[in-house]
Amino acid sequence: MKYQSQLVAQKYFIAALSLFLGQILFGVIMGMQYVVGDFLFPEIPFNIARMVHTNLLIVWLLFAFMGASYYLVPEESERELYSPALANLMFWIFLVAGALTVLGYLLFTYSELAALTFNELWPTMGREFLEQPTITKVGIVIVALAFVFNIGMTILTGRKTVVSLVLLTGLVGLAVFFLFAFYNPVNVVLDKYWWWWVVHLWVEGVWELILGAILAFVLIKVTGVDREVIEKWLYIIIAMTLITGIIGTGHHYFWIGTPDYWQWLGSIFSAMEPIPFFMMTLFAFNMVNKRRRDHPNKAAVLWALGTAVMAFLGAGVWGFMHTLAPINYYTHGTQITAAHGHMAFYGAYVMISLTMISYSMPIMRGKVANSQAAQTLEMWSFWLMTVSMVFITLFLTAAGILQVYLQRFTDTPITFMQAQEKIEIFYWLREVSGIVFLIGLIVYFISFFVKGEEPQGVEA
Amino acid sequence: MKETFTKSMARNIYYGGSMFFLLVFIGLTYDTHQEIPKRDNHEAINEVVALGKRVWEENNCIGCHTLLGEGAYFAPELGNVYTRFGESTEALKGFIKSRPVEGIPGRRSMPQFNLSEEELEGIAEFLKYVDGIETARDWPPNIQG
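Those protein sequences? They're chains H and U, same order as listed.
Its first residue numbered 93, the first sequence is counted upward by one per residue in this note's numbering.
Its first residue numbered 643, the second sequence is counted upward by one per residue in this note's numbering.
These are calculated hints, taken from the structure and not from any lab test.
Some hints could be false.
[What the hints assert, rightly or not] Using 20 Å as the maximum straight-line C-alpha spacing, the simulated DMTMM-like pairs for lysine to aspartate or glutamate come out as follows:
hint: 1; chain 1: H; residue 1: Lys313; chain 2: H; residue 2: Asp386
hint: 2; chain 1: U; residue 1: Lys649; chain 2: H; residue 2: Glu204
hint: 3; chain 1: U; residue 1: Lys649; chain 2: H; residue 2: Asp318
hint: 4; chain 1: U; residue 1: Lys739; chain 2: H; residue 2: Asp130
hint: 5; chain 1: U; residue 1: Lys680; chain 2: U; residue 2: Asp773
hint: 6; chain 1: H; residue 1: Lys390; chain 2: H; residue 2: Glu545
hint: 7; chain 1: U; residue 1: Lys680; chain 2: H; residue 2: Glu545
hint: 8; chain 1: H; residue 1: Lys252; chain 2: H; residue 2: Glu170
hint: 9; chain 1: U; residue 1: Lys680; chain 2: U; residue 2: Glu776
hint: 10; chain 1: U; residue 1: Lys680; chain 2: U; residue 2: Glu759
hint: 11; chain 1: U; residue 1: Lys739; chain 2: U; residue 2: Glu759
hint: 12; chain 1: H; residue 1: Lys94; chain 2: H; residue 2: Glu170
hint: 13; chain 1: U; residue 1: Lys649; chain 2: H; residue 2: Glu320
hint: 14; chain 1: H; residue 1: Lys514; chain 2: H; residue 2: Glu170
hint: 15; chain 1: H; residue 1: Lys94; chain 2: H; residue 2: Glu212
hint: 16; chain 1: H; residue 1: Lys382; chain 2: H; residue 2: Glu323
hint: 17; chain 1: U; residue 1: Lys739; chain 2: H; residue 2: Glu204
hint: 18; chain 1: H; residue 1: Lys459; chain 2: H; residue 2: Asp386
hint: 19; chain 1: U; residue 1: Lys735; chain 2: U; residue 2: Glu677
hint: 20; chain 1: U; residue 1: Lys739; chain 2: U; residue 2: Glu729
hint: 21; chain 1: U; residue 1: Lys680; chain 2: H; residue 2: Asp318
Computed from a predicted structure; not experimentally measured.
All chains should be built: construct the whole structure from the sequences, respecting the hints.
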């Protein structure tokens with residue numbers, strides 16, 4: 093570790109991983125509710141479990157992105173963080189706000205929480221992924237602004253690199269597009285149109301900039317390849333991301349009352365969205381092949397390569413599978429969507445977070461890499477989580493294809509609930525895969541506490 | 643990548659390309675907003691529907707259901723539920739009202755939300771309004787949603 097203030101990142105990562113565990117526990121609960129409908133009913137209805145599952149995901153990824161930024165930016169800028177005290181303060185505000193919100197979901201009914209937080213004054217609750225009380229959303233904005241200010245000041249008063257500037261663009265975009273969460277008209281078409289400016293322009297837009305910057309940083313560190321080469325790749329990847337992804341928003345404008353031309357625009361542009369992900373895969377493997385050094389942290393290299401492959405499969409291939417309007421006509425809002433969502437989020441954003449954590453945590457704990465024993469266990473967790481996520485995705489895809497056929501494609505469609513019962517076997521298999529994922533996560537946690545002889549080497 | 647393709651070329655594609663498509667997207671957004679009023683059934687929006695949308699949101703209906711395909715996939719699509727329920731707001735209200743508090747053993751069941759008559763009227767009118775939105779190819783594909 094070159095700068096003392098990078099250490100701020102450590103607590104962000106610990107919080108992120110703790111919330112990750114919570115997310116997976118609720119995922120397993122929901123998976124159970126898919127097959128045993130009254131599991132934990134009425135104490136934890138499905139909608140509450142799902143809200144906790146998705147909101148914890150978003151919050152822990154934000155913690156991880158912030159931690160990654162606090163670690164990466166001082167090193168890139170070659171100076172201490174502008175204000176470590178502000179970073180620490182924001183950590184506690186964000187953690188307390190996040191914890192209170194999740195407790196609110198679990199201890200009250202959602203309508204009680206809405207009343208308690210004065211939702212009627214500025215109603216923003218009850219929309220997918222944006223279920224947080226308005227007051228929490230205001231808190232998110234404050235934390236995000238303070239964070240972007242802190243990171244921005246560090247970058248702008250230090251050495252400016254492509255990696256840090258791309259990261260900053262992504263973070264500013266994240267903060268700006270979140271503001272659309274406050275626009276909630278009664279008109280459902282308009283509501284949905286602008287809701288996607290948060291959701292799509294985050295995950296298929298600016299978050300990919302953050303992902304690209306973190307991946308580039310880790311690859312510079314672990315491969316020793318010339319920065320010029322890596323930065324050129326980064327530029328061209330994020331160029332393709334935004335060129336395809338911005339108009340690609342149109343694949344969400346097929347069936348919500350928007351004009352028909354979106355069927356063409358959305359199909360064509362989003363069909364190209366896999367290109368940047370494929371380039372990312374080429375990029376990662378090329379850089380590792382051309383490495384000028386063998387970094388002792390093999391686990392971090394594995395996570396980096398895993399990110400590139402799984403993001404391409406989950407976001408690229410599984411996204412493409414149902415993005416053309418004539419296909420999406422049948423698959424929209426079915427288990428196909430769920431399958432894609434799971435592998436895309438895991439492959440792109442979970443794995444890049446774990447890549448950064450894997451690379452930086454040993455350094456923050458005073459060693460260049462973990463012991464061989466610890467790394468071996470960490471790699472076990474990589475395979476357990478990644479393979480079980482592949483199976484979750486495959487089982488949901490199978491369920492989705494059958495659902496589409498039974499409920500929409502056949503000449504004699506059956507009702508939603510009848511179709512759900514017919515595909516139950518796949519939900520059981522998904523639940524088993526989910527439990528394997530949980531085991532993989534526990535193995536991952538254990539790997540942090542495995543001792544052993546640590547590899548010697550210079551920190552880079 | 644070949645040396646003839648330089649970093650500054652890559653940077654220019656990034657800045658130029660993203661700015662261009664962002665502007666195109668903003669232009670399309672403007673045009674879309676000119677077109678939306680022709681098909682969004684806004685004539686049906688009134689105070690009752692507005693209350694209904696609040697009820698929809700404040701009970702987190704989207705946490706189980708999809709509405710025009712967006713939401714969770716645990717419970718039926720509701721963009722055409724008004725049609726599926728025989729174009730009867732009374733049937734919608736009756737279904738919501740009759741949900742058992744303790745659920746149904748072994749099966750998925752909608753929670754009992756204890757809505758007032760006014761709220762029930764709102765949510766039913768809201769679902770009727772959404773059903774009237776003119777979606778492309780009249781999505782969802784059939785009555786089952």
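Hint-by-hint comparison with the structure:
1. H/Lys313 <-> H/Asp386: holds, 10 Å
2. U/Lys649 <-> H/Glu204: Distance ~55 Å between lysine 649 of chain U and glutamate 204 of chain H Cα, so the pair is violated.
3. U/Lys649 <-> H/Asp318: holds, 13 Å
4. U/Lys739 <-> H/Asp130: holds, 19 Å
5. U/Lys680 <-> U/Asp773: Distance ~15 Å between lysine 680 of chain U and aspartate 773 of chain U Cα, so the pair holds.
6. H/Lys390 <-> H/Glu545: holds, 15 Å
7. U/Lys680 <-> H/Glu545: violated, 70 Å
8. H/Lys252 <-> H/Glu170: holds, 9 Å
9. U/Lys680 <-> U/Glu776: holds, 9 Å
10. U/Lys680 <-> U/Glu759: violated, 32 Å
11. U/Lys739 <-> U/Glu759: Measuring from Cα to Cα gives roughly 10 Å; hence the hint holds.
12. H/Lys94 <-> H/Glu170: Holds, at about 8 Å.
13. U/Lys649 <-> H/Glu320: Between lysine 649 of chain U and glutamate 320 of chain H the Cα gap is close to 7 Å, so the pair holds against 20 Å.
14. H/Lys514 <-> H/Glu170: violated, 59 Å
15. H/Lys94 <-> H/Glu212: violated, 49 Å
16. H/Lys382 <-> H/Glu323: holds, 15 Å
17. U/Lys739 <-> H/Glu204: holds, 19 Å
18. H/Lys459 <-> H/Asp386: Within the cut-off at roughly 16 Å; holds.
19. U/Lys735 <-> U/Glu677: violated, 33 Å
20. U/Lys739 <-> U/Glu729: holds, 17 Å
21. U/Lys680 <-> H/Asp318: violated, 56 Å
When each numbered hint is compared with the structure, violations occur for hints 2, 7, 10, 14, 15, 19, 21.
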